[in-house]
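Student: Below are the chains, spelled out letter by letter.
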Amino acid sequence: GESVGLHLPTLSVQEGDNSIINCAYSNSASDYFIWYKQESGKGPQFIIDIRSNMDKRQGQRVTVLLNKTVKHLSLQIAATQPGDSAVYFCAENSVPRGKLIFGQGTELSVKP
Amino acid sequence: NAGVTQTPKFQVLKTGQSMTLQCAQDMNHEYMSWYRQDPGMGLRLIHYSVGAGITDQGEVPNGYNVSRSTTEDFPLRLLSAAPSQTSVYFCASISIGKGTEAFFGQGTRLTVV
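These protein sequence lines are chains L and P, in that order.
Heads up: take any position in the first sequence, counting from 1, add 2, and you land on the numbering used here.
Heads up: take any position in the second sequence, counting from 1, add 635, and you land on the numbering used here.
Just chain P, with the same shape it has in the complex:
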């Protein structure tokens, strides 16, 4: 099993550009989430999903969109990139039977110039 796979690992965007961060998991987990991590800070929840077709906002959802058309995939879309969105983004998945053990991807380091 690959676990949680995020692509790309690194990305540089210009202000105003849009892009999609990809996240895929092969563990058949029901829950998936996106977090951002800024230097010296914890992880802040952007959006999460409790299953295919169901998404909800987290702590910092503005500027981001998500969709969950399949159990495996949970892409994060930046609509119009801003320098404030420079961060490391982590995707995570959790099994409904073990609601505390999140499996994280390796992260996407995004820089907006």
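If we strip away everything but chain L, and leave its shape as in the complex, we get:
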């Protein structure tokens, strides 16, 4: 069946350090993998996606890595800031393309 899961439920980092959030997925047929950020009391917000035929994609201060061999996805945040404190979810885009399946989430806490 379809499932997307995360290795760690919480992650605490020092301000200015780099953060790495990991995710394992099981559905090899997904054509996109996506990261979302959810701040307290709000709905999730899109961060970045990666197509299944790529292994790396960079955005502003974020990089997503995809390892299809071990079905692993990661989100790297450079120079983590207090505003990055949130819960981060990985998701996969199933068929039809609007059908998003989310993983459990990792709570990122940034210490000043």
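Errors might be hidden in some of the hints.
As the list claims (entries may be wrong) - Restraint-style ranges between C-beta atoms, simulated for each label pair: (1) P:Met654 x L:Pro98: 26 to 34 Å; (2) L:Gly85 x P:Phe645: 24 to 32 Å; (3) L:Asp19 x P:Val748: 38 to 46 Å; (4) L:Ser54 x P:Gly732: 33 to 41 Å; (5) L:Asn20 x P:Asp661: 21 to 29 Å; (6) L:Arg59 x P:Lys649: 45 to 53 Å; (7) P:Asn700 x L:Asp33: 44 to 52 Å.
Unchecked claim - Dumping the calculated DSS-like pairs for lysine-lysine here, alpha-carbon to alpha-carbon at most 25 Å: (8) L:Lys70 x P:Lys733; (9) L:Lys70 x L:Lys113; (10) L:Lys70 x L:Lys39; (11) L:Lys44 x L:Lys58; (12) L:Lys39 x P:Lys649; (13) P:Lys644 x L:Lys44; (14) L:Lys73 x L:Lys58; (15) L:Lys58 x P:Lys644; (16) P:Lys733 x L:Lys39; (17) L:Lys73 x P:Lys733; (18) L:Lys39 x L:Lys58; (19) P:Lys733 x L:Lys44.
For the record, the hints were derived by calculation from the structure and aren't laboratory data.
The structure presented is a predicted model; accordingly, all values stated were derived computationally and were not measured.
Glycine included, each C-beta is placed from N, C-alpha and C at the ideal position.
Given the structure of chain L, go ahead and fit chain P onto it with the hints provided.
Tutor: Frame of chain L; chain P shown alone:
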């Protein structure tokens, strides 16, 4: 543009009552979805729609009904509320041209007593 609007923001129901959670989007997105989020957990897909008149079940559809008579609106109906349906409900919409970037509403916090 208002984006995705959910009403109400908070609701308390008694077991067995029915109600409809409203969701409207003004971005002309084809896809719309409903998710529930329980404490410490991710979002689980309840129902989704790929366009007006077309709906399908997600991961946890039991106890919920949906319909999509217009592109803009996608209401979620609880037929007979149960305490297990206490959760935060999120509606989302996605453009067919950007099938990964979902826009979410602010959520409806539902408590069933």
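Student: Indicate, hint by hint, whether the structure satisfies it.
Tutor: A quick look at each hint next to the structure:
Hint check: Met654 (chain P) to Pro98 (chain L), Cβ distance near 28 Å, so the stated range 26 to 34 Å holds. For Gly85 (chain L) paired with Phe645 (chain P), a C-beta distance near 27 Å keeps the hint of 24 to 32 Å intact. Distance hint check for Asp19 (chain L) and Val748 (chain P): the Cβ-Cβ separation is about 44 Å, which falls inside the suggested range of 38 to 46 Å. Between Ser54 (chain L) and Gly732 (chain P) the CB atoms are about 18 Å apart, so this pair departs from the stated range of 33 to 41 Å.
Between Asn20 (chain L) and Asp661 (chain P) the beta carbon distance is about 38 Å. The supplied range of 21 to 29 Å is therefore violated. A beta carbon spacing of about 48 Å between Arg59 (chain L) and Lys649 (chain P) agrees with the range 45 to 53 Å that was offered as a hint. Distance hint check: the CB atoms of Asn700 (chain P) and Asp33 (chain L) are about 30 Å apart, inconsistent with the given range 44 to 52 Å. Under the criterion of a C-alpha separation no larger than 25 Å, the hint pairing Lys70 (chain L) with Lys733 (chain P) is consistent with the structure, at around 22 Å.
With a C-alpha separation of about 33 Å, the suggested pair Lys70 (chain L) and Lys113 (chain L) falls outside the 25 Å cut-off, and the hint is violated. With a C-alpha separation of about 23 Å, the suggested pairing of Lys70 (chain L) with Lys39 (chain L) holds against the 25 Å cut-off. Between the alpha carbons of Lys44 (chain L) and Lys58 (chain L) the distance comes to roughly 28 Å, so the proposed pair goes past 25 Å and is violated. In summary, the hint linking Lys39 (chain L) to Lys649 (chain P) is not supported, as the alpha carbons are separated by about 33 Å, beyond the 25 Å threshold.
With a CA separation close to 11 Å, the supplied pair Lys644 (chain P) and Lys44 (chain L) stays within the 25 Å bound. This hinted pair checks out: Lys73 (chain L) and Lys58 (chain L) have alpha carbons roughly 14 Å apart, not beyond 25 Å. Simply put, Lys58 (chain L) and Lys644 (chain P) have alpha-carbon atoms about 38 Å apart, too far for the 25 Å limit, and the pair is violated. The straight-line distance between the Cα atoms of Lys733 (chain P) and Lys39 (chain L) is roughly 18 Å, inside the 25 Å bound, and the hint therefore holds.
Taking the CA atoms of Lys73 (chain L) and Lys733 (chain P), the gap is near 23 Å; set against the 25 Å cutoff, the hint holds. Taking the CA atoms of Lys39 (chain L) and Lys58 (chain L), the gap is near 19 Å; set against the 25 Å cutoff, the hint holds. For a cut-off of 25 Å, the pair hint linking Lys733 (chain P) to Lys44 (chain L) stands: about 22 Å separates their Cα positions.
Hints 4, 5, 7, 9, 11, 12, 15, counting from the list given before, are not met by this structure.
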